[in-house]
Amino acid sequence: MTRSFDAPVFRFAPSSNGYLHLGHAYSAQLNFDLARAAGGRLLLRIENIDAERCRPEYERAILEDLSWLGVVFDRPVRRQSEHFADYANALDLLRSRGLLYPCFCSRGDIIAAVSGRSGWPRDPDGSPHYPGSCKRLSEDERRRRLASGAGFAERIDIDLAVGVAGGPFAWRELASPGAPERDVIADPKVWGDAVLARKDIAASYHIAVVVDDALQGVTQVVRGEDLFAATSLHRLLQVLLGLPAPDYHHHRLLLDASGRKLSKSLRAKSLRAWREEGIDPAGARARLALEPVCLSTP
Numbered sequence: 001m002t003r004s005f006d007a008p009v010f011r012f013a014p015s016s017n018g019y020l021h022l023g024h025a026y027s028a029q030l031n032f033d034l035a036r037a038a039g040g041r042l043l044l045r046i047e048n049i050d051a052e053r054c055r056p057e058y059e060r061a062i063l064e065d066l067s068w069l070g071v072v073f074d075r076p077v078r079r080q081s082e083h084f085a086d087y088a089n090a091l092d093l094l095r096s097r098g099l100l101y102p103c104f105c106s107r108g109d110i111i112a113a114v115s116g117r118s119g120w121p122r123d124p125d126g127s128p129h130y131p132g133s134c135k136r137l138s139e140d141e142r143r144r145r146l147a148s149g150a151g152f153a154e155r156i157d158i159d160l161a162v163g164v165a166g167g168p169f170a171w172r173e174l175a176s177p178g179a180p181e182r183d184v185i186a187d188p189k190v191w192g193d194a195v196l197a198r199k200d201i202a203a204s205y206h207i208a209v210v211v212d213d214a215l216q217g218v219t220q221v222v223r224g225e226d227l228f229a230a231t232s233l234h235r236l237l238q239v240l241l242g243l244p245a246p247d248y249h250h251h252r253l254l255l256d257a258s259g260r261k262l263s264k265s266l267r268a269k270s271l272r273a274w275r276e277e278g279i280d281p282a283g284a285r286a287r288l289a290l291e292p293v294c295l296s297t298p
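Residue 1 is where the sequence shown starts when you use our numbering, and the numbers rise one by one after that.
Note that these hints are calculated values from the structure, not bench results. From the three backbone atoms N, C-alpha and C, an ideal C-beta is built for every residue, glycine too. It is possible that some hints are incorrect.
As the list claims (entries may be wrong) - Pairwise CB distance ranges, derived in the manner of DEER restraints: (1) R53 x R172: 30 to 36 Å; (2) V114 x A85: 34 to 40 Å; (3) L137 x R272: 21 to 27 Å; (4) S148 x D226: 24 to 30 Å; (5) R79 x D200: 15 to 21 Å; (6) R136 x R252: 40 to 46 Å.
Claimed, not checked - Lysine to aspartate or glutamate pairs mimicking EDC-like chemistry, simulated, CA-CA at most 20 Å apart: (7) K189 x D159; (8) K135 x D109; (9) K199 x D226; (10) K189 x D226; (11) K199 x E59; (12) K135 x D157; (13) K269 x D280; (14) K135 x E173; (15) K199 x D157; (16) K199 x D183; (17) K189 x E154; (18) K199 x E141; (19) K269 x E64; (20) K199 x E154; (21) K199 x D86; (22) K269 x D33; (23) K199 x E139; (24) K189 x E82; (25) K269 x E59; (26) K189 x D125; (27) K199 x D109; (28) K199 x D280; (29) K135 x D92; (30) K199 x E57; (31) K199 x E47; (32) K199 x E82; (33) K189 x E141.
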């Protein structure tokens with residue numbers, strides 16, 4: 001499926017589960033600069049599927065931080081919590097093709113199942129591949145467990161899905177100025193039978209992001225290099241769902257003094273804290289070492 005656009009469409013898509021830090025500022029400012037240099041549009045998407053961790057006050061803080069940085073985006077803001085039906089439709093399509101199956105295993109069950117298996121594969125995030133225990137359940141047993149109300153996740157049968165999608169398939173990775181673009185062959189099998197939804201969460205990041213990008217007409221996905229490997233799974237889902245493939249640019253990450261990427265979980269210093277110390281937007285930009293840029297395109 002292909003689409004034509006009058007101008008490139010970029011997006012910045014933070015989660016409203018905490019305050020933005022300098023790493024977020026880098027990505028937001030880079031997207032803004034690239035959109036402006038290309039005569040394109042910048043959209044804002046709030047990724048707030050996880051109702052337990054995402055809060056309205058964090059969303060308000062995101063809007064305040066972006067305004068302070070001078071990052072301007074098109075309205076309206078898309079909130080994932082308002083579009084569960086879109087993700088359900090995508091999951092229904094995969095389900096109708098027999099590509100999903102319910103998994104009743106806990107994380108502890110999985111660890112126990114692969115314990116002692118030397119060389120057991122792990123996904124790019126370091127988690128062991130699912131050993132397929134629930135994929136081997138009979139239909140009667142699946143129905144019995146579902147009827148009992150047992151908690152479950154929905155996993156994609158990665159081998160079957162890759163076979164259905166055919167291939168190989170790739171994405172176009174756009175480099176920084178002076179470097180050529182390249183086609184990257186997707187390898188979604190590195191993720192194993194990934195979780196696409198849970199009983200208590202409408203959709204995983206992976207399914208939501210590809211649906212959102214398609215429905216918003218995003219043509220340029222500019223995000224951190226920590227998501228480079230995830231693009232293989234996203235390309236598979238785009239192929240299976242008949243969605244267009246944007247171009248990608250995975251930018252460098254900002255690191256802390258110990259060499260770890262800045263993250264909310266590690267309590268990276270927030271932009272609000274920088275502001276309280278008297279740092280102005282120009283000072284924040286200087287700390288990002290970010291200069292006006294454009295992506296190399298044909």
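Evaluation of the provided hints:
In this structure, R53 and R172 meet the distance hint of 30 to 36 Å, their C-beta atoms being roughly 33 Å apart. At about 36 Å, the beta-carbon gap between V114 and A85 stays in the expected band of 34 to 40 Å. Look at L137 against R272: about 48 Å separates their beta carbons, and that is not inside 21 to 27 Å. The given range of 24 to 30 Å is broken by S148 and D226, whose C-beta atoms sit roughly 38 Å from each other.
As the Cβ distance of R79 to D200 is approximately 19 Å, the hint placing it in 15 to 21 Å holds. A hinted range of 40 to 46 Å for the beta carbons of R136 and R252 is consistent with their spacing of about 42 Å. For the hint pairing K189 with D159, the CA-to-CA distance comes to about 7 Å; that is within 20 Å, so the pair holds. Of the supplied pair hints, the one linking K135 and D109 holds, its CA atoms being roughly 14 Å apart against a limit of 20 Å.
Under the criterion of a C-alpha separation no larger than 20 Å, the hint pairing K199 with D226 is inconsistent with the structure, at around 27 Å. With a CA separation close to 18 Å, the supplied pair K189 and D226 stays within the 20 Å bound. Our distance criterion of 20 Å between C-alpha atoms is broken by K199 and E59, whose separation comes to about 25 Å. For the hint pairing K135 with D157, the CA-to-CA distance comes to about 8 Å; that is within 20 Å, so the pair holds.
Taking the CA atoms of K269 and D280, the gap is near 15 Å; set against the 20 Å cutoff, the hint holds. Taking the CA atoms of K135 and E173, the gap is near 34 Å; set against the 20 Å cutoff, the hint is violated. Between K199 and D157 the CA atoms are separated by roughly 18 Å; this keeps the pair inside 20 Å, and the hint holds. The suggested pairing of K199 with D183 is violated, with an alpha-carbon distance near 36 Å, which exceeds 20 Å.
For the given pair, K189 sits about 17 Å from E154 by alpha-carbon distance, which is consistent with the 20 Å threshold. Taking the CA atoms of K199 and E141, the gap is about 18 Å. The hint holds against a cut of 20 Å. A distance of roughly 16 Å separates the Cα atoms of K269 and E64; the hinted pair therefore holds under the 20 Å criterion. Taking the CA atoms of K199 and E154, the gap is near 8 Å; set against the 20 Å cutoff, the hint holds.
Pair hint K199 plus D86 holds up; C-alpha atoms about 17 Å apart against a cutoff of 20 Å. The hinted pair formed by K269 and D33 fails the criterion: a straight-line CA distance of about 23 Å is larger than 20 Å. The straight-line distance between the Cα atoms of K199 and E139 is roughly 18 Å, inside the 20 Å bound, and the hint therefore holds. Under the criterion of a C-alpha separation no larger than 20 Å, the hint pairing K189 with E82 is inconsistent with the structure, at around 31 Å.
At most 20 Å may separate the alpha-carbon atoms for a hinted pair to count; K269 and E59 meet this at roughly 17 Å. Under the criterion of a C-alpha separation no larger than 20 Å, the hint pairing K189 with D125 is consistent with the structure, at around 13 Å. For the proposed pair K199 and D109, the alpha carbon gap of about 17 Å is at most 20 Å, so the pair holds. Pair hint K199 plus D280 does not hold up; C-alpha atoms about 44 Å apart against a cutoff of 20 Å.
Distance check on the hinted pair: K135 and D92 sit about 18 Å apart at the alpha-carbon level, within 20 Å; holds. Note on K199 and E57: the hinted pairing is violated, with a Cα-Cα distance of about 26 Å set against a maximum of 20 Å. A threshold of 20 Å between alpha carbons decides the hint, and for K199 with E47 the separation of about 19 Å falls inside it, so the pair holds. The suggested pairing of K199 with E82 holds, with an alpha-carbon distance near 18 Å, which does not exceed 20 Å.
Taking the CA atoms of K189 and E141, the gap is near 27 Å; set against the 20 Å cutoff, the hint is violated.
Of the numbered hints listed earlier, those contradicted by the structure are 3, 4, 9, 11, 14, 16, 22, 24, 28, 30 and 33.
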